[in-house]
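Using the sequences and the accompanying hints, generate a full structural model.
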Amino acid sequence: MAKPVYILGISCFYHDAAAALLADGVPVAAAEEERFTRKKHDASFPVHAIRHCLSRAGIESQELDWVVFYEKPILKLDRIFSTFLSTWPWSLNTFVTAMPPFLKRKLMVERHVRQALGWDGPILYSDHHLSHAASAAFFSGLERTAVLTVDGVGEWASAAGWKAGPGELSQLWELRFPHSPGLLYTAFTQYLGFRVNSAEYKVMGLAPYGRPVYRDMILDRIVRLRPDGSFRLELELFEFTWGRRMVGERFARLFGRPARDPESPDLEQFHMDVASSIQAVLDEIVGRMALDLMERTSLDSLCLAGGVALNCVANERARRRTGARGFFVQPAAGDAGGALGAAAVVDRLFLGNGPRPALQHVYLGPDFSQAEIDRVLAEQGAVSRRLEPDELVRSVAQQLELGRVIGWFQGAMEFGPRALGNRSILADPRPAGMREKLNAKIKFREGFRPFAPAVPLEEAPRWFGDTPESPYMLLTAQVSAGLVPIPAVTHVDGSARLQTVRQTANPLFHALLQEFGRRTGVPILVNTSFNVRGEPIVCTPLDAWRCFMSSGLDDLVLGDRLLRKEDQPATALSAGPRELD
Numbered sequence: 089m090a091k092p093v094y095i096l097g098i099s100c101f102y103h104d105a106a107a108a109l110l111a112d113g114v115p116v117a118a119a120e121e122e123r124f125t126r127k128k129h130d131a132s133f134p135v136h137a138i139r140h141c142l143s144r145a146g147i148e149s150q151e152l153d154w155v156v157f158y159e160k161p162i163l164k165l166d167r168i169f170s171t172f173l174s175t176w177p178w179s180l181n182t183f184v185t186a187m188p189p190f191l192k193r194k195l196m197v198e199r200h201v202r203q204a205l206g207w208d209g210p211i212l213y214s215d216h217h218l219s220h221a222a223s224a225a226f227f228s229g230l231e232r233t234a235v236l237t238v239d240g241v242g243e244w245a246s247a248a249g250w251k252a253g254p255g256e257l258s259q260l261w262e263l264r265f266p267h268s269p270g271l272l273y274t275a276f277t278q279y280l281g282f283r284v285n286s287a288e289y290k291v292m293g294l295a296p297y298g299r300p301v302y303r304d305m306i307l308d309r310i311v312r313l314r315p316d317g318s319f320r321l322e323l324e325l326f327e328f329t330w331g332r333r334m335v336g337e338r339f340a341r342l343f344g345r346p347a348r349d350p351e352s353p354d355l356e357q358f359h360m361d362v363a364s365s366i367q368a369v370l371d372e373i374v375g376r377m378a379l380d381l382m383e384r385t386s387l388d389s390l391c392l393a394g395g396v397a398l399n400c401v402a403n404e405r406a407r408r409r410t411g412a413r414g415f416f417v418q419p420a421a422g423d424a425g426g427a428l429g430a431a432a433v434v435d436r437l438f439l440g441n442g443p444r445p446a447l448q449h450v451y452l453g454p455d456f457s458q459a460e461i462d463r464v465l466a467e468q469g470a471v472s473r474r475l476e477p478d479e480l481v482r483s484v485a486q487q488l489e490l491g492r493v494i495g496w497f498q499g500a501m502e503f504g505p506r507a508l509g510n511r512s513i514l515a516d517p518r519p520a521g522m523r524e525k526l527n528a529k530i531k532f533r534e535g536f537r538p539f540a541p542a543v544p545l546e547e548a549p550r551w552f553g554d555t556p557e558s559p560y561m562l563l564t565a566q567v568s569a570g571l572v573p574i575p576a577v578t579h580v581d582g583s584a585r586l587q588t589v590r591q592t593a594n595p596l597f598h599a600l601l602q603e604f605g606r607r608t609g610v611p612i613l614v615n616t617s618f619n620v621r622g623e624p625i626v627c628t629p630l631d632a633w634r635c636f637m638s639s640g641l642d643d644l645v646l647g648d649r650l651l652r653k654e655d656q657p658a659t660a661l662s663a664g665p666r667e668l669d
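Each residue of the sequence shown is one higher than the one before, starting from 89 at the first, in our numbering.
Just so you know, these hints were derived from the structure itself, not from any lab.
Everything numeric in this text was worked out from a predicted model, so none of it was measured.
Quick reminder that beta carbons are idealized off the backbone N, C-alpha and C, glycines included.
Don't take each hint at face value.
[Said to hold, decoys possible] So the derived label-pair ranges between C-beta atoms look like this:
1. Pro350 <-> Thr659: 18 to 24 Å
2. Gly206 <-> Glu489: 52 to 58 Å
3. Gly609 <-> Asp478: 16 to 22 Å
4. Met89 <-> Gly491: 26 to 32 Å
5. Leu323 <-> Met89: 56 to 62 Å
6. Phe532 <-> Ser170: 40 to 46 Å
[Claimed, not checked] Straight-line distance between alpha carbons at most 27 Å, and here's what the computed BS3-like set of lysine-lysine pairs gives:
7. Lys128 <-> Lys160
8. Lys525 <-> Lys290
9. Lys251 <-> Lys164
See the structure below:
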């Protein structure tokens with residue numbers, strides 16, 4: 089039997105560093121570096137993620153055939169130098185602080201790879217938006233499709249339109265920095281007092297509480313939008329081309345109020361209206377781009393990737409506006425997914441291989457044997473009960489029905505920003521106070537933040553209407569009226585960020601949803617990521633144990649072990665961070 093062709097894709101040095109491994113074009117492992125280092129959005133070289141990929145495949149680094157980086161550092165350097173020169177002397181301070189780290193890291197990719205892997209084989213470089221496009225098109229299962237990539241910025245492009253077919257991924261157009269949908273949305277994220285490149289999803293969650301009263305003003309004074317979705321920003325209102333802030337006083341004067349203090353508890357109707365307005369503008373930009381692209385290509389399928397494609401509201405609006413018959417969003421749509429896409433570029437375009445199977449799931453991260461889990465529990469002095477799978481499902485469903493909130497740790501960790509039933513916090517969606525309980529006592533986050541429902545795929549039409557399959561929480565749906573209320577997963581506008589669960593993709597989680605439905609008549613659970621605010625999703629059994637013991641979680645399931653908080657000794661929690669070698 090011939091050895092598989094192994095291709096390792098790497099993304100790093102901006103945010104959400106990651107590694108992904110293909111074996112004969114099929115993903116066998118992928119993970120973000122933050123899950124190992126416990127530094128949220130860790131941008132450093134993903135040495136731990138790479139080790140995971142090799143370990144999961146059971147190979148050594150010298151068995152790799154190709155290593156590929158997700159973008160071209162020299163072209164990115166060209167943009168940075170050009171931008172600094174065009175905004176001199178205002179850019180001097182930023183240049184002095186930003187350039188040394190860039191030169192040390194981005195231009196030394198080859199050195200990092202060779203030192204970390206002991207690798208003496210070829211190192212290839214993809215293009216940033218090509219990596220995004222490949223991450224969607226080549227794992228969608230669609231033979232021919234239009235592909236829209238939208239983010240902050242890659243080398244020069246901030247958005248691009250593509251046509252994908254057998255052996256083809258052709259770029260049709262691009263929007264170039266500094267005119268960027270992602271940077272526009274991030275500028276408003278900063279103005280609203282949230283962390284850039286991290287908390288854009290908070291703006292999306294805040295938007296339904298407001299009205300888009302500033303939409304027309306934004307389109308008149310800030311964004312010069314064309315019919316095809318391309319646009320130009322009024323750059324005098326922004327500072328990101330030369331300074332350390334996204335926006336400054338000119339931008340604030342336009343709205344008549346200063347920027348909200350970072351992470352201030354004071355959120356007023358004004359802030360909600362601004363969030364609603366920029367979300368409406370983003371919906372219009374992405375919708376126009378998608379519609380124009382499908383008209384240019386004469387195709388009826390659409391794929392999305394890039395960081396902006398994590399905005400499930402804009403995704404759903406684009407899907408409905410275009411009427412796309414085939415629709416796919418790369419689950420790891422941001423820079424982490426660039427590692428997967430870069431590997432696919434080598435497989436499909438560089439090596440010329442034919443179509444590969446569609447992506448079936450993203451459970452590509454570390455998993456742990458029950459023996460490894462039991463060893464951690466013993467070391468922590470934990471008290472647990474072992475249950476057979478059917479008994480575990482019945483017991484957990486019963487506890488959820490009683491209103492208990494459960495940390496659920498099973499199998500391989502998800503790749504991408506969403507917890508999809510293997511590293512999840514689960515709860516009953518029916519109690520009116522459940523959302524407040526989860527936000528305040530368990531997740532320690534803002535009360536306006538919505539939670540996602542998980543539902544068996546076959547039950548979704550009854551509860552969420554005519555909505556396509558949404559296995560990765562990247563589409564929204566309206567909650568059907570006239571059924572049992574599920575307020576914990578129903579946003580203020582009646583929408584929900586939906587996860588549909590196939591039995592073949594996650595049998596145990598699917599069985600739990602069905603059992604909860606049998607007991608309550610509602611086959612739906614709150615599914616939120618297993619972490620607290622400011623922490624990455626838990627990766628290891630020890631991460632899960634620490635989160636369980638330091639939050640308001642009632643129960644913890646680790647493989648076949650069920651732990652109740654009240655059974656744990658007061659001295660059980662270990663102090664101090666886990667050290668990495």
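These are the hints, each one checked on the structure:
For the hinted restraint 18 to 24 Å between Pro350 and Thr659, the CB-CB distance of approximately 37 Å leaves it violated. The given range of 52 to 58 Å is respected by Gly206 and Glu489, whose C-beta atoms sit roughly 53 Å from each other. Between Gly609 and Asp478, the C-beta spacing of about 21 Å keeps the proposed range 16 to 22 Å intact. At about 53 Å, the CB distance of Met89 to Gly491 disagrees with the hint of 26 to 32 Å.
Under the hint 56 to 62 Å, the C-beta atoms of Leu323 and Met89, about 58 Å apart, fit the expected range. About 43 Å separates the C-beta atoms of Phe532 and Ser170, a value consistent with the hinted range of 40 to 46 Å. In summary, the hint linking Lys128 to Lys160 is supported, as the alpha carbons are separated by about 24 Å, within the 27 Å threshold. Between Lys525 and Lys290, the direct Cα distance comes to roughly 18 Å. Compliance with the 27 Å bound is thereby established for this hinted pair.
Between Lys251 and Lys164 the CA atoms are separated by roughly 24 Å; this keeps the pair inside 27 Å, and the hint holds.
Hint compliance for this structure: hints 1 and 4 are not met, and every other hint is.
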